[in-house]
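Asks: Residue numbers (our numbering), protein chains in the order written: chain A, 75 to 223; chain B, 212 to 374.
The following label-pair restraints were derived from C-beta to C-beta distances:
(1) A/Gly197 - B/Glu262: 51 to 59 Å
(2) B/Gly245 - A/Ala202: 43 to 51 Å
(3) A/Gly197 - B/Ser295: 48 to 56 Å
Partial chain B-side listing against chain A, Cβ under 10 Å, derived:
(4) Arg231
(5) Ala232
(6) Leu233
(7) Gln314
(8) Val323
Hints are computed from structural coordinates only; laboratory data are not their basis. All C-beta atoms in this analysis are idealised placements derived from N, C-alpha and C, irrespective of residue type, glycine included.
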Amino acid sequence: MDALVRELMPYVGRVCGAIALDRGDDAMQETFVAVLRNLHGLREPAAVHGWVRRIAVREAIRVARAARTEVLDPGALDRGAAPAVDLDAVVDVRSALAGLSPEHRAVLVLREVDGLSEAEVAGLLGVAEGTVKSRLHRARAAFARRWAR
Amino acid sequence: MNAPGARWPVAALGPIARARALAAAVPGAASAEGVLDAPYDVAWPWVADLEHSVPRFDAQVRALRVLERRPHGDAEELRIRATSFGVSLPFTVRLENGFCLMQARRRLYLVVMAAEPVEEGARTRFFHMEAVPLPGTRPLRRHLRRAVAADLRNLTRLASSGF
Numbered sequence: 075m076d077a078l079v080r081e082l083m084p085y086v087g088r089v090c091g092a093i094a095l096d097r098g099d100d101a102m103q104e105t106f107v108a109v110l111r112n113l114h115g116l117r118e119p120a121a122v123h124g125w126v127r128r129i130a131v132r133e134a135i136r137v138a139r140a141a142r143t144e145v146l147d148p149g150a151l152d153r154g155a156a157p158a159v160d161l162d163a164v165v166d167v168r169s170a171l172a173g174l175s176p177e178h179r180a181v182l183v184l185r186e187v188d189g190l191s192e193a194e195v196a197g198l199l200g201v202a203e204g205t206v207k208s209r210l211h212r213a214r215a216a217f218a219r220r221w222a223r
Numbered sequence: 212m213n214a215p216g217a218r219w220p221v222a223a224l225g226p227i228a229r230a231r232a233l234a235a236a237v238p239g240a241a242s243a244e245g246v247l248d249a250p251y252d253v254a255w256p257w258v259a260d261l262e263h264s265v266p267r268f269d270a271q272v273r274a275l276r277v278l279e280r281r282p283h284g285d286a287e288e289l290r291i292r293a294t295s296f297g298v299s300l301p302f303t304v305r306l307e308n309g310f311c312l313m314q315a316r317r318r319l320y321l322v323v324m325a326a327e328p329v330e331e332g333a334r335t336r337f338f339h340m341e342a343v344p345l346p347g348t349r350p351l352r353r354h355l356r357r358a359v360a361a362d363l364r365n366l367t368r369l370a371s372s373g374f
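Please model the entire structure based on the sequences and the hints provided.
Replies: Put into structure tokens, the structure is as follows:
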């Protein structure tokens with residue numbers, strides 16, 4: 075069990091950190107509690123990465139939502155076209171992410187950090203592909219708007 | 212854009228959180244957590260010297276002998292033998308800064324100890340778990356709960372008196 079935790083730690087840390095921000099450490103603990111408790115039910119060991127990703131995203135959103143006090147609606151920031159931007163060029167990704175809802179952060183991290191397709195993100199989050207497109211569009215636009223300040 | 216850029220926020224699983232996650236998942240685990248009145252830089256090296264520390268704070272362990280130790284990345288792997296109630300059990304141990312996992316052969320017994328500095332390192336949060344993760348051992352849990360609570364009390368007392 076501990077060996078699995080060690081192996082998954084870097085990946086889960088990236089997902090939970092980007093979605094749950096300051097509560098990322100708590101989300102990470104909750105993720106591993108859920109992973110280890112349900113490990114016996116995993117039918118295909120080869121699918122462990124995708125299964126853990128799903129749990130990490132779910133727990134990170136849940137923890138972030140519980141901790142949320144005031145989050146800007148990215149849609150209200152910019153409903154215009156999303157410009158092409160290089161996310162790695164951002165000096166303070168954290169502050170830009172903090173302006174997004176946990177759900178928008180999840181879409182962004184799964185696309186930009188994890189490299190999933192929009193269809194894969196939609197399947198993982200249980201939402202329509204169109205919803206992923208619109209969340210991504212708004213998240214990127216909100217990012218761009220904050221950088222431009 | 213797909214590269215996990217270093218600037219993205221990354222969460223961490225500290226030793227205590229890692230131990231809590233294991234304790235929540237291991238069947239039949241009993242755990243105790245508290246704050247030791249000793250600086251982390253003193254408390255953890257003392258605890259990590261298993262040969263001397265464990266028999267002093269764990270009343271069930273009469274003796275512990277380190278048979279072999281070798282570095283393994285950021286950790287050390289140890290083979291030890293612990294004598295408890297007249298029975299000598301071999302364990303494999305993974306020892307890291309703030310984290311110790313002891314596993315008896317065939318997973319007969321599992322012990323986790325974890326520590327983190329609190330109050331800027333002036334005191335030490337300590338987590339202790341023991342488990343017999345085998346089917347049908349649920350009745351042992353009450354005994355284990357008492358044992359880990361007693362271990363933590365002993366450790367707290369030892370820390371308060373400067374070990």
